[in-house]
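Peer 1: Please work from the sequences and hints to get the whole structure.
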Amino acid sequence: MAGRHQPQRAEPRAPSGAAGGSWPASAVPAAPAAPARVLLVGNPNVGKSVLFKNLTGRYVTVSNFPGTTVEVVSARARLGESEVEVIDSPGINDLAPASEEARVTGELLRRHPEATLVQVADARNLRRALLLTLQLAETGRPMVLVLNMLDELAERGGRIDRAALERLLGIPVVGAVAVRNHGTERLIAALPRARPPAVEMETMPAGAGDYQRNRARLARIQRILSACYTMHQPARPGLAVRLGFWAMHPVKGLALMAAVLGAVFWFVGLLGAGTLVDLLEVGVFEQRLSPAAISALDRVLPFPHQHEVASVPGSLGVPLTPVHEIELAAWQVEAVGTGYALAPGAQLTGGQQALRFAHDFLVGDYGALTMALSYALAIVLPIVTTFFLLFSLLEDSGYLPRLAILVNRLFRVMGLNGKAVLPMVLGLGCDTMATMTTRILETRKERVVTTMLLALAIPCSAQLGVLLAMMAALSPAAAVAWLALMLAVLLAVGRLTARVFPGEAAEFLLEIPPLRRPQLGNVWLKTRSRIGWYLREVIPLFVAGTAVLFLLDRLRLLGRIAALGEPLVVGWLGLPREMANALLVGFLRRDFGAVYVLDAATGPSPLLDPLQIFVAMVTITLFMPCFANFLMIAREHGQRVAWAMTAFIFPFAFLVGGVALRVGRWLSAI
Amino acid sequence: MAERYLICPLCGFEFEPEDALCAHGCPLRAHCALVRCPSCDYEFPERPRPRSWLRRLLGGGEPTGEGECQAMSVDQLGAGQSARVLSLSGDRNRLAVFGLVPGAEITLLQRRPACVVQVGQTELALDRAIARRILVQPPTAAHQRPPAETTTEAGGA
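Protein sequence lines correspond, in order, to chains Y and W.
Read in order, the letters of the first sequence correspond to residues 144 to 813 in the numbering used here.
Read in order, the letters of the second sequence correspond to residues 20 to 176 in the numbering used here.
Since the hints were made in silico from the structure, they are not lab data.
There's no promise every hint is true.
Unchecked claim - To spell it out: a stretch of chain Y is covered by chain W in this simulated footprint if at least three of its residues, at any positions, have a beta carbon under 8 Å from a beta carbon of chain W; those stretches are:
hint, stretch
1, 228-240
2, 270-281
3, 351-360
4, 551-563
5, 648-655
In this text the structure is predicted, and so the values were computed from the model without any measurement.
Backbone N, C-alpha and C define an ideal beta-carbon position, used for all residues, glycine too.
Peer 2: Given below as structure tokens:
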């Protein structure tokens with residue numbers, strides 16, 4: 144893998160046993176028969192994944208941002224007469240193994256020496272596609288070229304002479320509009336005609352580098368294009384093009400960004416974290432599911448006790464601002480709660496003690512059903528869903544790279560470039576998932592700094608929802624102070640980490656895809672796969688975290704550990720003793736801890752005054768990332784980095800929280 | 020890898036042999052010993068003749084740098100202006116894979132907050148540092164297009 148990719152000279156020879164190894168010669172398409180294996184290759188963002196879906200009937204991540212199809216997806220499909228394995232490779236601009244994607248593609252080419260290549264090209268960007276075609280031609284593989292997005296080419300006033308291109312390259316060239324499933328049959332019909340491109344190879348001096356080779360190829364492409372490609376810009380750019388410009392404009396772009404952020408805040412913060420959480424937590428869990436689970440378990444695990452019954456109010460409304468909403472419905476339900484009293488004078492036998500233990504484990508105060516599942520499904524799920532839905536929508540529209548341009552200057556302060564905004568925004572959904580996507584950044588330094596900032600100061604969506612709810616108990620000024628403090632921490636720590644960690648940030652070079660109307664099916668499937676990933680990761684952790692909490696509570700350790708942390712929590716942060724629990728829980732999942740604090744802050748009898756809420760918010764935001772995030776950091780950057788970050792984040796969160804308390808007290812004193 | 024650069028004796032512009040401009044269809048082709056500076060169009064022999072003892076005595080024959088070097092970097096263009104690329108430096112292949120090579124026509128779409136150039140149908144956002152290393156031929160009046168969307172304040176700086 145280490146050496147440079149050595150392209151073979153293109154000779155129209157069949158891959159023999161020497162080249163293919165274990166593959167029998169019969170796999171070579173000697174007679175016009177469909178190949179056994181098809182490898183889709185192409186530039187990023189040309190519609191490979193949509194074509195893959197058209198061919199195989201399955202869907203993989205399709206995205207407007209270069210670098211999301213990092214995983215390789217393959218599926219078996221019946222194409223015409225025969226069964227074919229279709230492999231989707233990550234999008235690349237250059238076959239030279241300079242990027243992760245190109246290395247993966249090179250590895251796929253080596254692993255499947257007999258596969259037929261189907262190159263998917265963006266018809267509007269034929270020059271770049273042909274650069275890849277000529278590079279692939281040097282491997283001597285049978286190929287088919289698909290010109291995708293022909294409709295968008297026509298819209299822009301371009302035309303490609305397909306027959307001429309076919310003649311010049313010596314391979315079948317098929318036109319397609321993949322998003323509308325046009326041209327798939329033509330491609331399937333063309334597969335048996337695939338053959339190695341018949342273009343003369345450049346004669347390059349032995350020492351020629353990638354750049355010299357690509358320049359020679361581009362010169363040849365210039366000649367090919369002049370024979371088959373005409374393009375004239377339409378006089379007036381379309382709305383999407385103009386909107387695409389606005390999104391990058393120093394003034395209009397910021398206005399658009401503010402509008403987008405406002406929409407995100409309303410949709411995720413108010414609708415998701417407010418209305419939907421209320422509906423699910425109160426309307427579904429507290430009023431229906433929990434009482435049902437409690438009474439069902441009381442029948443299965445009988446011991447003499449009586450549950451408290453309370454009247455639980457529920458409501459449904461459309462939020463306008465954090466404090467105003469249009470109420471649509473309100474109702475009251477008498478519901479059984481988790482609290483209970485043993486029958487007076489009852490003496491539990493050993494068996495009954497065991498039943499009570501199981502009962503408490505499942506539906507007690509720290510019950511797997513009443514606490515873990517209701518937190519995971521009723522509080523976290525709606526927020527995560529609304530966030531990922533919006534993120535996928537923005538991703539699919541091609542807006543995110545434009546956001547990267549706008550914030551490039553700001554990120555320079557932190558030793559990063561604008562590209563890092565993508566993991567950061569995703570971090571508002573899930574920090575653990577975002578840590579995984581730091582791979583799109585070019586240097587290790589950028590990856591580590593971004594990971595650090597994600598773990599420290601970017602609240603994930605579950606946390607964000609809880610923080611927003613806590614903020615509702617505070618004045619708007621406090622909310623602004625919190626935001627300003629987090630931004631200051633982000634910039635200061637980013638700058639510091641960039642200083643400490645050696646290396647340079649890569650210079651910013653980012654392709655801006657055209658702004659497109661998002662494909663709703665596409666958005667929904669992406670959202671679904673992200674939520675699926677999140678649930679698989681989150682529910683076991685919620686249940687495990689609750690189980691640990693339950694055991695600690697049972698063994699009377701919770702109080703003792705809380706007492707250990709008391710000097711710090713009570714003395715330094717000025718929070719009540721009970722908050723030590725929340726911080727302990729926060730170790731397992733930061734959002735989980737935040738939910739716990741929310742109960743203390745806005746429950747029926749609030750434990751905290753506004754300043755304490757503010758301090759708790761600051762500490763919880765900065766606090767240790769959830770355990771899953773720690774594991775992901777260790778996986779991506781190694782144990783040493785993970786522990787170093789932990790050792791910094793813990794004391795730092797306490798430090799900032801304590802300072803915030805003292806500043807707040809000083810401000811209220813004057 | 021060792022690169023060989025040519026230096027124009029008139030304007031001092033440094034360029035690679037492959038960027039030397041020669042008119043298409045020049046009948047001399049490979050037999051021509053002259054190269055043309057892509058910046059100022061001055062023609063000179065690729066391999067400078069050794070200076071004679073007489074010249075050395077008189078102190079002449081050194082590149083003067085007096086002629087006007089016309090090349091300018093992309094970030095000096097105004098928004099909406101198009102120009103032909105003369106040379107690249109730094110990690111040139113990173114740009115070449117997008118079709119941005121000497122000879123290509125590029126349009127600067129905006130300068131702030133980051134330079135955005137269009138090459139073919141590809142739009143690329145570039146750091147100022149990269150933009151400074153892309154040298155282009157200054158646009159003539161014929162080259163100028165009516166400025167695109169982002170013009171009014173983007174022209175300054």
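Peer 1: Count the residues of the stretch 648-655 of chain Y whose CB lies closer than 8 Å to any CB of chain W, then report whether that count reaches three.
Peer 2: With 6 residues in contact (Cβ-Cβ under 8 Å with chain W), the coverage given for the stretch 648-655 of chain Y holds.
Peer 1: State whether the coverage of the stretch 351-360 of chain Y by chain W holds or is violated, taking the criterion as 3 or more residues with Cβ-Cβ distances under 8 Å.
Peer 2: holds (count 6)
Peer 1: Are there three or more residues in the stretch 270-281 of chain Y whose C-beta lies within less than 8 Å of some C-beta in chain W?
Peer 2: holds (count 3)
Peer 1: Taking a Cβ-to-Cβ distance below 8 Å as contact, does the stretch 551-563 of chain Y have at least three residues touching chain W?
Peer 2: holds (count 4)
Peer 1: Check, residue by residue, whether the stretch 228-240 of chain Y contains three or more positions whose beta-carbon lies closer than 8 Å to a beta-carbon of chain W, and give the verdict.
Peer 2: Satisfied; 3 residues make the cut.
In this structure, none of the earlier numbered hints is contradicted; all agree with it.
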